[in-house]
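All chains should be built: construct the whole structure from the sequences, respecting the hints.
Protein chains in written order, with my numbering: chain U, 2 to 115; chain B, 39 to 150.
To be clear, the hints were calculated from the coordinates, so they are not data collected in a lab. Keep in mind that a hint or two might mislead.
[Unchecked claim] Coverage of chain B stretches by chain U, computed from C-beta distances (three or more under 8 Å per stretch; other residues unrestricted): (1) 74-83; (2) 130-137.
[As the list claims (entries may be wrong)] DSS-like, lysine-lysine: derived pairs with alpha carbons at most 25 Å apart: (3) Lys108(B) with Lys93(B); (4) Lys103(U) with Lys111(B); (5) Lys10(U) with Lys103(U); (6) Lys93(B) with Lys116(B); (7) Lys93(B) with Lys103(U); (8) Lys93(B) with Lys111(B); (9) Lys103(U) with Lys116(B); (10) Lys108(B) with Lys58(U); (11) Lys58(U) with Lys103(U).
[Unchecked claim] So, partial list: chain B residues that the calculated Cβ filter (under 8 Å) puts toward chain U: (12) Tyr71; (13) Arg88; (14) Phe140; (15) Thr142; (16) Gly143.
Here the structure is a predicted model, which means the values were calculated and not measured. The beta-carbon is built from N, C-alpha and C at its ideal position, and this holds for glycine as well.
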Amino acid sequence: DSGVTQTPKHLITATGQRVTLRCSPRSGDLSVYWYQQSLDQGLQFLIQYYNGEERAKGNILERFSAQQFPDLHSELNLSSLELGDSALYFCASSSRSRGEEKLFFGSGTQLSVL
Amino acid sequence: AQTVTQSQPEMSVQEAETVTLSCTYDTSENNYYLFWYKQPPSRQMILVIRQEAYKQQNATENRFSVNFQKAAKSFSLKISDSQLGDTAMYFCAFMRGDQFYFGTGTSLTVIP
Numbered sequence: 002d003s004g005v006t007q008t009p010k011h012l013i014t015a016t017g018q019r020v021t022l023r024c025s026p027r028s029g030d031l032s033v034y035w036y037q038q039s040l041d042q043g044l045q046f047l048i049q050y051y052n053g054e055e056r057a058k059g060n061i062l063e064r065f066s067a068q069q070f071p072d073l074h075s076e077l078n079l080s081s082l083e084l085g086d087s088a089l090y091f092c093a094s095s096s097r098s099r100g101e102e103k104l105f106f107g108s109g110t111q112l113s114v115l
Numbered sequence: 039a040q041t042v043t044q045s046q047p048e049m050s051v052q053e054a055e056t057v058t059l060s061c062t063y064d065t066s067e068n069n070y071y072l073f074w075y076k077q078p079p080s081r082q083m084i085l086v087i088r089q090e091a092y093k094q095q096n097a098t099e100n101r102f103s104v105n106f107q108k109a110a111k112s113f114s115l116k117i118s119d120s121q122l123g124d125t126a127m128y129f130c131a132f133m134r135g136d137q138f139y140f141g142t143g144t145s146l147t148v149i150p
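Structural data, given as structure tokens:
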């Protein structure tokens with residue numbers, strides 16, 4: 002168990018809809034990262050938050066947005082969903098503590114857009 | 039910008055044999071971290087091994103070891119005594135500050 006919790010594990014929705022994916026990082030980790038992985042593809046970095054502030058942005062569509070709350074949990078909002086948005090969405094957290102410089106991944110949210 | 043290259047999209051190995059997965063990276067930094075992550079069919083991302091760039095000694099974790107060549111910017115993963123459970127996608131990753139960069143992955147199949 003990585004200590005990173007993602008909900009829901011599975012999500013099925015229709016095109017044009019909006020969904021929210023939730024992530025709770027490991028206790029004490031200030032950084033949260035979101036990744037998208039389409040079937041048989043690599044990891045696409047979407048966005049990173051550090052202690053509530055956006056820290057880095059990757060290939061995130063304008064239809065997607067995220068935020069990190071004061072309790073450090075994060076939400077990824079996906080709107081106007083398209084078939085191509087079907088993917089596994091990972092949340093990960095990291096710590097800058099010595100010896101802990103690594104990414105801890107949640108188990109992912111599998112999004113299916115029908 | 040940092041880039042990570044995995045030039046072997048797919049590999050296979052016989053059970054109990056040894057296999058080496060390649061990874062190269064490009065950076066002008068001197069202090070950084072390197073990782074190998076494993077993604078089995080369950081699609082969970084699992085940390086296999088971690089290397090600190092300032093340490094010359096190669097990291098090892100049981101049957102997994104790395105060959106870290108800092109000057110050549112190479113970070114290969116060796117899996118000894120391969121097991122069926124090693125069948126997975128393997129991602130090489132680079133970390134500098136709090137930024138992570140992933141390679142495109144190598145799909146490894148262990149053949150019984």
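Status of the hints after comparison with the structure:
Counting residues of the stretch 74-83 of chain B whose C-beta sits closer than 8 Å to any C-beta of chain U gives 4, which meets the bar of three, so the coverage hint holds. Three residues within the 8 Å Cβ limit are the bar, and the stretch 130-137 of chain B against chain U gives 4, so the coverage statement holds. About 10 Å separates the Cα atoms of Lys108(B) and Lys93(B), which keeps this hinted pair within 25 Å; it holds. With a CA separation close to 19 Å, the supplied pair Lys103(U) and Lys111(B) stays within the 25 Å bound.
For a cut-off of 25 Å, the pair hint linking Lys10(U) to Lys103(U) stands: about 23 Å separates their Cα positions. With a C-alpha separation of about 18 Å, the suggested pair Lys93(B) and Lys116(B) falls inside the 25 Å cut-off, and the hint holds. With a C-alpha separation of about 16 Å, the suggested pair Lys93(B) and Lys103(U) falls inside the 25 Å cut-off, and the hint holds. Proposed proximity of Lys93(B) and Lys111(B) is supported: the alpha carbons are some 14 Å apart, at most 25 Å.
Simply put, Lys103(U) and Lys116(B) have alpha-carbon atoms about 20 Å apart, close enough for the 25 Å limit, and the pair holds. A hinted pair counts as satisfied when its Cα atoms are at most 25 Å apart, and Lys108(B) with Lys58(U) does not qualify at roughly 28 Å. Between the alpha carbons of Lys58(U) and Lys103(U) the distance comes to roughly 19 Å, so the proposed pair stays at or under 25 Å and holds. With its C-beta approaching chain U no nearer than about 5 Å, Tyr71(B) sits inside the 8 Å limit, and its interface hint holds.
Interface hint at Arg88(B): satisfied, since its Cβ lies 6 Å from the closest Cβ of chain U, which is below the 8 Å cut-off. Contact between Phe140(B) and chain U, as hinted, is supported at the beta carbon level, the nearest pair being about 5 Å apart and thus within 8 Å. Evaluation of the Thr142(B) hint against chain U yields a held restraint, the C-beta minimum of about 5 Å falling below 8 Å. Satisfaction of the interface hint for Gly143(B) is found here, the shortest Cβ-Cβ separation to chain U being roughly 5 Å, below the 8 Å cut-off.
Checked against the numbered hints given earlier, the structure breaks only hint 10 and satisfies all the rest.
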